[in-house]
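Protein chains in written order, with numbering that gives the first Met the number 0: chain U, 0 to 337; chain R, 0 to 831; chain S, 0 to 280.
If you are wondering where the hints come from, they were derived from the structure by calculation, not from laboratory data.
Quantities reported herein were computed from a predicted structural model and do not represent experimental measurements.
Hints are supplied without guarantee of correctness; some may be wrong.
[Unchecked claim] Ranges between beta-carbon positions, derived for each pair: (1) Leu-220/R / Ala-296/U: 39 to 45 Å; (2) Pro-707/R / Gly-71/U: 56 to 62 Å; (3) Leu-198/S / Leu-220/R: 47 to 53 Å; (4) Gln-14/U / Lys-249/R: 45 to 51 Å; (5) Lys-18/R / Gly-71/U: 35 to 41 Å.
[Unchecked claim] In silico lysine-lysine, DSS-like type, Cα no more than 30 Å apart, as pairs: (6) Lys-288/U / Lys-545/R; (7) Lys-458/R / Lys-4/R; (8) Lys-50/U / Lys-124/R; (9) Lys-646/R / Lys-545/R; (10) Lys-46/U / Lys-545/R; (11) Lys-631/R / Lys-513/R; (12) Lys-46/U / Lys-513/R; (13) Lys-18/R / Lys-46/U; (14) Lys-124/R / Lys-46/U.
Even glycine gets a Cβ: it sits at the ideal position worked out from N, Cα and C.
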Amino acid sequence: MAVIRDVMPAFELFQPATVDETLGLLERYGADAWIMAGGLDSFDWLKDRIKRPAVVVDLSQMMDLRGVRDVGGGLEIGALTTLTDLVRHPAVQQRFGLLAQAAELVASPQIRHQGTIGGNVSQDTRCWYYRSGWSCYRAGGNICYADSPTAVNREHAILGASRCVAVSPSDTAPALIALGAEFVLRSRGGERVVAAEDYFVGPDINITQMTVRRPDELLTTIRVPDRFAGAQFYFEKIRDRQVWDFPLVNVASAMTLSGETIQEIRLAVGAVAARPLRLTAVELAVAGKTRNEQTAAMAGELAVDGAVPLRHNSYKILLMQNLVKRAIRGGPMQGEGG
Amino acid sequence: MAEHKYIGQNYTTPDLVAKVTGRAKYAEDFRAEGMLFTKLLLSPMPHARVIRIDTSAAQAMPGVKAILTVDDMPEPADSVDDAGRVIRANTRAERALTNEPLYEGEPILAVAAVDEFTAAEAIEKIQIEFEPLPFAVDPLVSLRPGGPTARTDGNVWFRPPTPPAQPGQPPPPQPPIDVKDLKWTEEQFAEAEAGRLPMGEVLADQWEYGDLDAGFTQAALVLDETYVTSNTSNQPMETRTAMAYWQNGKVYVHCSTQSTVQTVAGISRWLGVPQTDVVVISEYTGGGFGSKITSAISLVIPALLSKKANAPVMMRITREEEQYIGRARPSLHARIKAGFSKDGRLLALDFFGLSESGPYEGGNDHNATGRIVSLLYQPVAMRFRGMGVMTNTPPRGPQRSPGGAQGVAVMEPVMSIAADRLGIDQVAIRRINAPEGKAPFNGPNPQGVRPHVTSAFVKEALDKGKALFRWEARKARGGTRVGSKAYGLGVAVAAYSGGSVGFDGLFVIKPDGKVYIQSGIGNLGTESVSDVHRVVAEVLDVPWEKCEITWGSTSKHLPWTCVSGGSQTAHAMTRAAYATAMDARTKLQEIAARTLGGSPASYRVAGERVAGPGGSLTLAQAAQKAIELGGKYDGHEAPETVNVFTKRSVAALAGQGLLAVARDVYPRDGVTHSYTIGFAEVEVDVETGHYRVLDYLAVADVGTVLHPRSLGGQLLGGSLQGIGHAMGQKWVYDQQYGVPLAKRFYQTRPATILDAPVHMEWAAVDIADPETPVGVRGVGEPPVGAGWAAVANAVADAVGHDVFRRFPVTGDMILTSLANGRRVTDPLTANI
Amino acid sequence: MDFLTWGINPWRQPVLTHISWDLFWASLFAGVMFLVAHASYMILAAHRKRSAEETDAMEAVYKDLPDQIERHTFMARIFHWVMAAAMFVLLLTAFLPIGGIRFAWVEWHWMAGLVLAGSIIYHLVHATVFLDFWSIWVGPSDVPELRAEVLRALGREVPGPKPGKYPLGNRLYHTASVVVALTAIVTGILMMNRIRTPLFSRNPYLFSDATWGITYLLHGAAGVALVGLVIAHVYFALRPEKWWITKGMLLGWITRRAYLQHHDPERWRLRGGKARPAAQP
């Protein structure tokens with residue numbers, strides 16, 4: 000059978016208007032159903048005819064999962080809230096600026112108008128070998144093309160690689176982890192709530208999925224607690240182009256200080272592993288320490304402990320180290336000279 | 000022309016409203032009764048032979064109308080040049096479809112069906128088997144002893160010598176281009192281990208002038224540097240979509256092309272039909288950057304399918320298909336040995352360059368590289384050696400400053416290193432070596448004479464830019480660091496060909512008093528389609544509002560026009576427009592003299608009148624008179640000098656008014672070139688390696704400014720394209736399977752508008768070129784190299800020269816180089 | 000049911016990726032069915048042992064033998080249990096994720112594989128140098144025993160050869176395990192080139208797609224076969240009438256009576272003269 004790309008194949012399209020309707024469809028079609036939110040990840044797969052779902056469940060008509068609600072100091076974000084709406088929401092801007100910053104650095108303005116927060120955290124990896132439709136581990140095969148003696152893997156993983164070296168492309172995920180968010184998954188069988196960092200899964204455990212969402216489940220809501228509202232935030236995304244580009248590394252942190260002493264911190268890094276990594280070892284190490292260059296340097300070194308570079312991505316170790324440093328320090332190195 | 004009413008003034012171009020309102024129709028927007036759609040089956044392998052095709056299941060599908068393979072295609076045909084010499088066809092030439100694909104993504108066959116969905120489904124039903132063949136996606140790999148070759152019979156093109164003419168016989172045609180398997184030795188490759196480009200045998204492209212050895216002996220500083228640039232796809236906004244149908248024996252092709260008139264010849268040759276049976280319709284083109292100079296050979300697919308299916312066929316090319324068939328700038332592997340005197344003069348330059356030229360002809364950019372480098376830095380002695388090496392990657396073609404941009408990109412950092420080593424200001428070293436006046440370039444011709452340019456005001460441009468950019472004031476910040484931020488300043492000079500000669504202009508002044516200008520120029524986004532005709536309004540002193548421009552279809556009686564490529568148009572067609580306007584003036588004067596008495600010379604054309612001793616005529620009246628007079632006045636006679644294409648148009652338009660037609664026969668001493676100087680300031684974050692361009696200025700030496708707004712668009716747009724080459728744009732290929740990994744924009748990373756420098760300005764010296772009547776030169780190309788190299792030089796100024804030796808200069812290179820105290824990026828491997 | 004799983008390579012050529020995991024379920028099912036069938040048979044059918052009188056007579060002849068006959072040396076037992084542990088880790092890490100129980104299995108799997116490979120190398124050396132190497136293998140001389148065993152299994156009273164140190168079923172099992180486990184180990188070690196381990200620099204292109212396909216197929220087939228073999232092994236080890244063998248593997252010795260009851264002293268000669276009785280019956 001010859002292969003053709005860039006023409007969408009036929010599928011049965013459902014555009015449910017309510018969560019219940021959607022869950023019914025997911026229960027009925029299970030793994031045969033493809034959930035589409037903003038479509039930015041989906042259309043690539045569908046147009047390339049690589050993923051061939053029998054059924055596409057388009058969530059664009061589901062208005063009840065759009066929007067941000069202020070809930071007792073925290074937020075309840077409907078999974079279908081567009082990134083633009085998220086960025087513009089006053090509560091997000093004022094109290095959870097970390098999330099606003101992260102969301103605003105996603106892709107391009109057009110993509111942010113269409114892309115949703117649920118889609119952004121649930122999107123598939125952008126490994127260009129995997130995206131080419133080849134039978135790699137992640138596609139159910141038994142080979143990683145990205146980690147071979149000749150592979151071009153500048154954008155791949157330095158941590159948590161297990162056979163597959165793909166990375167998480169999400170910018171909002173590290174921010175949500177740093178904010179201690181919870182993800183609400185609903186199915187016909189009920190509801191379960193997972194911590195942001197537990198929503199993601201690495202290839203060691205599930206090599207074909209990026210998240211723990213089951214086929215019959217729908218990510219409906221993201222809850223951001225008030226714990227870090229108005230805390231010291233740091234977000235930085237490094238990418239090759241200033242727009243429409245996935246992160247090479249991104250970092251998100253939320254910190255509470257007492258004077259110059261770090262009281263509590265949550266820190267997450269994206270695009271270095273298949274899942275956004277919460278750096279608990281660093282969090283523990285810096286808690287109670289004075290926020291200064293020394294602590295930052297220690298944190299940076301600790302963060303990349305165990306990192307293994309591929310042929311073309313040793314820079315990611317330096318980059319991650321420096322970004323973690325900045326997250327602790329609160330910004331780029333200042334001052335004269337250097 | 001001292002005081003200009005129109006030349007050098009901004010105006011609203013006649014296509015603007017349609018473009019911004021979406022009314023403009025591009026190739027894809029046309030529909031025809033019963034139109035079918037076609038989709039392509041592309042090769043999954045970099046090099047293979049099709050050993051079996053079974054289309055029966057596809058053909059059995061309802062809605063599938065025809066399937067086209069290379070067996071339905073005409074053989075590559077010989078052509079005849081203007082002098083009547085036969086040019087033998089390359090039997091290995093690209094034919095749009097193939098049974099021996101030479102790159103992943105090469106079209107194998109096309110299916111026409113009632114819609115694209117059906118065509119795609121049909122393609123999936125086709126059983127096709129390939130036999131994989133050896134392949135190369137790296138030119139150096141192909142040159143290694145025992146290395147694979149892109150074609151079964153070799154990896155480099157060469158032209159066998161023409162056999163001597165037999166006595167009494169006409170000279171035999173040049174033999175067709177052939178292929179050779181060229182390998183270098185292990186000893187030569189030993190240098191590659193140290194990251195230096197090996198310099199083995201090259202076949203034909205070499206020249207030399209001056210005493211190179213003496214130059215190096217005298218030099219106070221000798222540098223030996225290797226640089227590798229990236230392959231970059233043209234990827235214009237509009238893909239090379241085409242729709243075709245046949246009517247009364249003529250083929251009508253709606254296509255995306257940079258040139259309207261000149262596209263006819265290509266289609267005629269590709270399809271094997273006479274030029275008079277080809278109609279090209281292209282009202283709007285979404286760019287080409289050199290990849291659609293005469294549209295694209297892929298348009299024969301809908302044309303031939305249309306014949307086979309007996310229905311119009313639309314072929315919409317997707318973004319990914321465009322990546323395959325849409326042409327790209329070849330990478331350049333360059334080794335540069337340069338000797339400088341202690342005051343910065345380039346005494347000796349030994350330039351060695353390999354183009355990665357893809358599997359077909361085209362992409363031998365290195366020749367232009369030699370030419371441009373020799374022009375820009377005026378080396379006292381120079382040797383140039385270059386070669387195109389074939390790889391199993393998409394076909395290359397011209398891309399905005401082909402060869403020139405790469406030459407500037409690899410040479411400019413060498414100039415920067417020299418300036419720093421010699422303690423000379425960066426602007427100063429370029430000024431010291433800058434071309435001036437009738438500056439020579441290239442190697443000597445067979446008569447031993449080096450050609451020269453028409454003019455060069457590079458020094459003036461450098462001075463102007465230095466002042467506008469406040470170079471001296473800013474210089475102090477270059478190389479300094481504040482926290483994690485390092486600042487750097489860069490300047491780069493760039494040049495490219497700037498115009499051709501000998502084309503025709505044609506317009507009619509009708510009895511309604513309006514001037515109806517026929518424009519054979521493609522509407523590719525540069526605005527030259529209307530800009531050049533401002534000359535007519537200027538010369539005749541007619542309000543621009545009374546000039547109507549007709550363009551976009553060769554059925555509309557257009558004059559013989561240059562291709563819109565190589566920055567020719569503004570120069571060539573202002574000359575033609577000027578010649579035609581002068582023809583109109585002469586005819587108006589003659590009509591006035593014949594009608595009102597007196598000598599023609601005593602009549603003046605101005606203010607929509609021709610006036611003199613006997614009184615005056617309005618243009619409307621003169622047009623009416625022209626019809627009455629007939630003959631040459633209303634186009635019933637055409638001058639012998641104009642092209643046959645123009646003559647046909649003249650005949651068709653005859654009798655409608657005063658018909659002005661002329662060929663540009665103005666003398667020109669030298670070859671026209673244009674220049675752009677780029678100035679850039681960058682801020683490099685040494686903690687991330689990433690950088691941004693804070694400020695950019697392009698200063699043009701492009702002769703008289705014709706249309707400031709479109710000149711600015713060209714300068715800044717071209718510069719940004721170059722900045723993209725500096726910062727991120729590239730191809731990535733998997734070496735194991737020889738297939739591309741970076742296919743989408745987000746992967747190939749051309750610059751976006753948000754990568755544009757925070758401040759971006761342009762200026763022009765606005766000095767007329769002395770060898771053309773209106774003083775205008777072309778501008779499209781030189782800005783690319785200027786933007787590219789100015790940014791690279793600024794990065795080097797900020798963090799040191801020892802950070803990059805390949806392009807694009809990405810943050811990872813900077814970060815790892817700074818951390819390791821040396822470059823760690825793979826120096827020579829292509830397409831990583 | 001598919002037997003093989005195919006993928007496509009970057010050239011869009013079909014490549015064999017592994018056996019269909021349906022085969023795992025099939026093997027599991029077959030193993031369990033065998034177990035049920037055998038157990039039913041054992042419950043329903045008569046089963047023959049050497050008669051007590053016969054054994055008593057032999058006890059008299061072989062009264063010089065110690066009460067505890069060493070069956071497995073300490074090192075042999077260590078080998079067996081290490082191997083068994085490795086095998087369980089291998090099978091569980093391989094098949095639990097396929098069964099839907101997700102955990103980070105890869106490191107455990109290849110490390111257990113290395114342990115298994117190491118223990119087998121040890122066993123080879125040990126068996127060659129210290130043990131009666133040939134006692135475990137099956138050959139043409141075993142045909143009468145095979146015949147007798149089959150007939151006995153069918154409930155017939157048959158005189159004839161008794162097993163040497165290892166009963167025929169035991170030896171047949173060993174042979175099958177050797178073939179299957181070696182296949183799994185050799186292919187497994189090759190497959191380690193495809194993942195990141197300290198052993199090899201990762202190179203998925205070491206072999207052609209077709210060779211890799213066969214390697215994965217063999218590994219998968221061996222793994223699936225091991226599921227069945229291990230089920231059978233565990234089943235027999237736990238059967239009451241085989242318990243004396245299992246105990247031997249745990250403690251290292253069997254009773255003299257068990258020795259005489261189940262073995263032919265001529266075919267399993269005990270060392271150090273202890274096994275040779277002075278008198279002939």
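(request) Against the earlier hints, flag every one the structure doesn't satisfy and list their numbers going up. (result) 5, 6, 10 and 12
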